[in-house]
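Based on these hints, arrange chains G and L on the given structure of chain H.
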Amino acid sequence: MICRRFFLSLAASLLALSPLPALAADIKHELGTTKVPDAPQRVVVLEFSFVDALAALAVVPVGIADDNKRENIIPEYAAVFGESWQSVGTRKTPSLEVIASLQPDLIIADKTRHEAAYDTLSQIAPTIVLDSLGGDYHDAVDQMSVIGAALGQPAKAAQRVAEHKEKMAGYDREINKASKGVSAQFGVANAKGLWLHSPVSYNGSLLKMFGFSSNMTPSEGEVYETTYVPTTLEQLSVVNPDILILGKYVDPAFTDGWAGETLYEGLTAVKNNNVFYVTAHNWSRLRGLLAAELTAQDLLEIISETSAKK
Amino acid sequence: MTSEGLARNSGGGIFLPLLFLACCVSAYASLSTGGRSDVGIWGLFEDGGTGAAVMQDIRAPRTLVALCLGVNLGLAGLILQAITRNALASPAILGINQGAALGLALGLVFPALGAVLDLKALSIAGAFLAGLISFGIAGGFGGRLDSLRLVLGGVAVGAFAYALVRFTFTLEDDVARQVLRWTVGNITDVRMNEVRSIAGWSAGGLIATALLAHRLNLMALGEAQATGLGADPRFTLLAGAIVAACLTGTAVAVAGPIAFTGLVVPHICRLLLGSDHRLLVPATALAGAALMMTADAASKWLTAPIETPVGVVVALIGAPYFLYQTLFARGLD
Amino acid sequence: MRQPVLFAFLVVGLTFSAIWSLSAGAVPISWQVIANTLFDLEGPKQEFIVLKSRLPRTFLAMLTGGSLALSGAIVQALLRNPLASPKIIGINSGAALGVCLMVLILPGISLAWLPVAAVVGGIVAALVIYLGADLRGASPVRLALVGIAVGFVFDAGVDFILVTSSDAQFSAPLIWLTGSLWARGWTHLNLVWPWLAALAVLAMLLSYWLDLIRLGETAATGLGLRVRVARLILLSIAVLLAALSVSVVGVLGFVGLMAPHIARTLVGGSHKVMMPCAMLVGMWLVVLADAAGRAIAPPVEVSAGVLTAMLGAPFFVYVMIRAGRAARV
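Chains as they are written, first to last, in our numbering: chain H, 1182 to 1491; chain G, 18 to 350; chain L, 329 to 657.
Derived from the structure by calculation, the hints contain no laboratory data. Fair warning: there could be bad hints in the mix.
[To be verified] Stretch-level coverage of chain G by chain L, calculated; a stretch enters the list once three of its residues show a Cβ under 8 Å from a Cβ in chain L:
1. 79-86
2. 187-201
3. 334-343
Positions of the beta carbon are idealized from the N, C-alpha and C atoms, including for glycine.
The shape of chain H in the complex, shown without the other chains (with noise of 0.2 Å):
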């Protein structure tokens, strides 16, 4: 009974929270149209990139999946959702249960990791489906509409939009004086192998924007289709670039079994001493508006080391 009486007085409590009556918006995504409340309080959100445009948005999400780390929420987000959120698990499978119990009214999915879940996902809750890891820079950015129209802050969304492409042209301006006939490449080391992300890749992209060239071209004029490939010293000494961007997953990571080999000293960004190493967590897997910001002002950094070395 009394069991009883607390829900009854918790569904209340609810009630009075949300606005009446709750209008529904019609959110198209990759995997059709989903009724979305008004103004959702409760969003779960499955990949890092959707965490980006919350925090941009400063709405605070219940459930994150954040690889069961939570200081995989860096401290740029983590500022703004303080630490009332709930892991639901990793990014491929999050718990569905714990999912549910945290009575979302909106979940935020991704297309190549989630697509097999949605129709179970939207059991619990309506469910958008967004290409996060299959996106670009520029797909991350629109996006973002999306999110905010499903979030009921559309307009908001196109303010944050707006001061976060002012905010990157300040960035670019900076940049473009040092990237002009440059070629910057970015990629991932593990204890095994070093993955470059393509020009097609997110990073790849952003690295574009900013005026960088690419020296990644596969023989014959073909395009890379594939976001991360796989890259031996010898292919590495092919795309040569200017400046070499690393993230290590661990240290030391298998790139640093190559100094001191002739090929890698011989490299332009070694002998030039550019070669800069990044935080992999933030650039590899963070997408969306702050974590490009916090890309560029990584690379600003990075731009203002080589030009004091001129």
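Below, chains G and L without anything else, positioned relative to chain H:
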């Protein structure tokens, strides 16, 4: 075995030089392919410059490692098939690949374990354990392998290892990528250090196998006859197993698991040269080296600009051959 | 009679496991709430978790566990080898290659087609194996060896596709194949249960054929059985049972190996009794594996296929050693 008919032309007079020629051609192919199209074999003899750096630091060690791997795996297969008198005995069928993958996956999923032993040691331990278990299951320690039990044992050990390996795919992307890269034989990034660590074993293994060749011939006659001719089969069995284990172990340590070389190469050599192990030992070493160096060349151009790990290339050649063998070899039923 | 007691024990055990399965998971739910939800009583409920997730998963676990056990029993009888399993007729590798090829050739295709690709791949592999072995006289040993070899060929293809296309598009289909019931619900259950139920009934009805075949080919023919046709039909049933199971839950290794074994130890080799018993054991195994996988390390789910393999591998070694000893004596 179809040795009766082939024993007649077992002179080997033509085939050994031919195999040597094949070895040279595949070495040339392996040396002249790679990520840079502007570098050719002449780089070996240059002094300084990109061509010299690529050839001397990267391609030459890689070709040499492929050569040693071919020698090691081919001889290990030859010995195992001789001492067990079973045409299917070889490192791959014993579930060694998946065992190595299991050791590695455990190290990545439980970082505590990875801290005690490094990943390489874990994968070698996994490979050995898997090999020992399936060898034991098949009755290998009794000296007589049952084909079906051997293969079923290997499959079960492999299925167990793969369950855990596939589980890592549900975890983080980077873990999945590492597991995938470790579990297929890969010599993309070997240097002179690796050559030094395997070449001695290959040379020693070759000499040891050559010394055992006569005893392996006697084993083929059956244990009773071997004893009658003054060779203790238990000694042959023990020595052979140790040599085969060392050859396989050093190969796994350098390149990770590579399947089917140990199965295919001794077979083809027996088809060409008959069943005299004094000829088969050098022939297997040459043919194994040729196969691996060809596979190395193929691994570089097959899916350029991305490389295919050499272990996958060998599996693409070896698995159909194994299928062919199960379909057409006599004496399996 | 010992058998009725044994079956009663199995059914009761299975029921208790199924009930435990409803309470196991990342979110602790009291029995009170579970009962409320199940029987639509007054009071707090957990609609999604109990009714839409755990309940269909428990049913799906029973369905696939039972199917794999029956498939394993048939394969073991036909190959006259207690160490055989549905994997030997190529189901797992075939399904994996089918799924990988689908994603490779038709990127962007809806994952709703994934089970279809898995079933087609499994059946193609089984066909290749059967035709290949039949061509060479289809002795049980040959069939097993050819099956394993075809498995190797398909696995090599899967490895090739996986290492050369490093894109994340393969990560989701791969999770499917790890033998996990993650995100499975009524839709998946509804998709396969009529087929699997029909096949299971058919397998039970035809189980006496297996007893005849066990007597040897000549004896079976003498008793009026057309052995070749019977073998083909039974093999097709085994292939379909396993392929359909794999298509919805992925590779649950060793269930098809363990269940018939345990059943044979419990009730003896007569298939009429052994098959239902194996089915119950298989159901029990998978229900427990799925529930334990949810309970071990929440919120991460350990795939049921990992747990069945953990259990199955030592079991297999034990059986091998025992069979070896029996052969020597």
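* Asked: Which hints, by number, does the structure contradict?
  -> When the structure is compared with the hints, only number 1 turns out to be violated.
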